[in-house]
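J.: So you can see what is in the structure, the chains are spelled out below.
Number of protein chains: 4
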Amino acid sequence: MPAHRSGAASLILFVASLAVLDAEGGREGADIGSFGDALWWALTTVTTVGYGDRFPVTGTGRAVAAGLMLSGIALIGVVTATFASWLIEKVQEVEDAAQTATRRDIEALAEEVAQLRRTLEASQVRD
Amino acid sequence: MPAHRSGAASLILFVASLAVLDAEGGREGADIGSFGDALWWALTTVTTVGYGDRFPVTGTGRAVAAGLMLSGIALIGVVTATFASWLIEKVQEVEDAAQTATRRDIEALAEEVAQLRRTLEASQVRD
Amino acid sequence: MPAHRSGAASLILFVASLAVLDAEGGREGADIGSFGDALWWALTTVTTVGYGDRFPVTGTGRAVAAGLMLSGIALIGVVTATFASWLIEKVQEVEDAAQTATRRDIEALAEEVAQLRRTLEASQVRD
Amino acid sequence: MPAHRSGAASLILFVASLAVLDAEGGREGADIGSFGDALWWALTTVTTVGYGDRFPVTGTGRAVAAGLMLSGIALIGVVTATFASWLIEKVQEVEDAAQTATRRDIEALAEEVAQLRRTLEASQVRD
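Protein chains in written order, with numbering that gives the first Met the number 0: chain A, 0 to 126; chain B, 0 to 126; chain C, 0 to 126; chain D, 0 to 126.
Excised from the complex, chain A in its bound form (with noise of 0.2 Å):
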């Protein structure tokens, strides 16, 4: 992954471990207490692991886990499209390749063309 998608990745790892340590830090049934606990807890959730050892109890604290959990969908899209994108980049070279080739002899065609004409002009004017 490109060093900017993981500096997007790790900033929304770092923004939802403090949301969600101010939401449910110190209520009573929560499990998430530290800084620490809320890394693990995001990253458990963002990547859809999910052990269920620390999960939030509060409205907010349910409200950032439903945007990790949608950005861990969008994450395993766009991991498996930059694959995807790799390979179909590999099948495009091919491709240009061919389409390049094909315009090289249809340009040759054409030159061939235009000295024919040059002969017949010629030929006119020496008749």
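If you are wondering where the hints come from, they were derived from the structure by calculation, not from laboratory data.
Any given hint could turn out to be false.
The calculated DMTMM-like cross-link candidates involving lysine to aspartate or glutamate, where the alpha carbons are at most 25 Å apart (straight line), are [claimed, not checked]:
#1 C:Lys89 x B:Asp95
#2 D:Lys89 x B:Glu88
#3 A:Lys89 x A:Asp104
#4 D:Lys89 x A:Asp21
#5 C:Lys89 x A:Glu92
#6 B:Lys89 x D:Glu94
#7 B:Lys89 x B:Asp104
#8 D:Lys89 x D:Asp104
#9 C:Lys89 x C:Glu111
#10 A:Lys89 x B:Glu94
Going by beta-carbon spacing under 10 Å, a handful of chain A positions derived as facing chain C [to be verified]:
#11 Gly76
#12 Glu92
#13 Ala96
Coverage of chain C stretches by chain D, computed from C-beta distances (three or more under 8 Å per stretch; other residues unrestricted) [what the hints assert, rightly or not]:
#14 50-56
#15 59-68
#16 75-85
#17 100-111
Since we're looking at a predicted model, the values are computed, not measured.
Using N, Cα and C, we set each Cβ at its ideal position, and we do this for glycine too.
Use these hints to put chains B, C and D onto chain A, whose structure you have.
T.: Here is chains B, C and D on its own, set in the frame of chain A:
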């Protein structure tokens, strides 16, 4: 994701939450007791996160869950295919541009041949 | 998903449920005690949801689980590739139409050149 | 999946299992106490199933888990892209056949023009 797909996904979540709440609410051993809990459970299920803090215990609830899980797999497929489609469309634009250039070359060649014929016919008239 | 793939997926779920029930049923600490529980567990595993309300504790049960988990990864791949394939086929139709148009142009041009030669040959006969 | 990728995936699982066992084994509150447990946990993590029956509680163990979770996302991407690549290669074969046919048409046209020139040159010699 386009608006109508987000709407469809929201509708599936809403209907599944109501259905699971109807099946599970108040049953012994069940931990899905409110619409908020049901919606939270539906979201953890459709994104395949599956914390396991809440899960259905009745046959009907499990059937609703099965539908949500399969919707989740489809969701990942659709999101990934949407990214891939966007990439493929960019590739197609490049290919289409190459095709258009090739056809323009062929049209230029056809014009060249047409002129050749006019030259030749002029030559025959003079004969 | 085509019917034969749904059938194959159902068969894998059915066989895995029977195998895990045989391995786990009645063991101490095991919580997969009926076919319904086994099928429910198999579904949460193959879709990678993994609530953790039920999980195998024996070596054989874990081996069955490993097979189901890898089938789940394959399932996501097949569903996504099916969507992508449908998109790629639409792209292919556009590309094929462009290719066909190009070939028609080239055939028309070849006919034009052939007529030109016949005209020239007729002209030489008259000379 | 090709053999060398299965081998790489097995190696990652093996190394991660050893690393998490070293970090977690014997710690208070840890439930990963044998290599079998560690391997089982690694498998539930890399496939993003995440039952939560076992999970790391130390910083080092969580860091190993983070690596496995990201490997899991990459695994889904690679498996899906492998299916997609297989589909794309079939599309490419059709496109390549069309390209080859187009180039054959152009070669036939070039031969036609070459013959036209020979006819014309023969006509000029006779003049």
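J.: Of the numbered hints stated earlier in the document, which are not met by this structure?
T.: Failing hints, ascending: 4, 9, 12 and 13.
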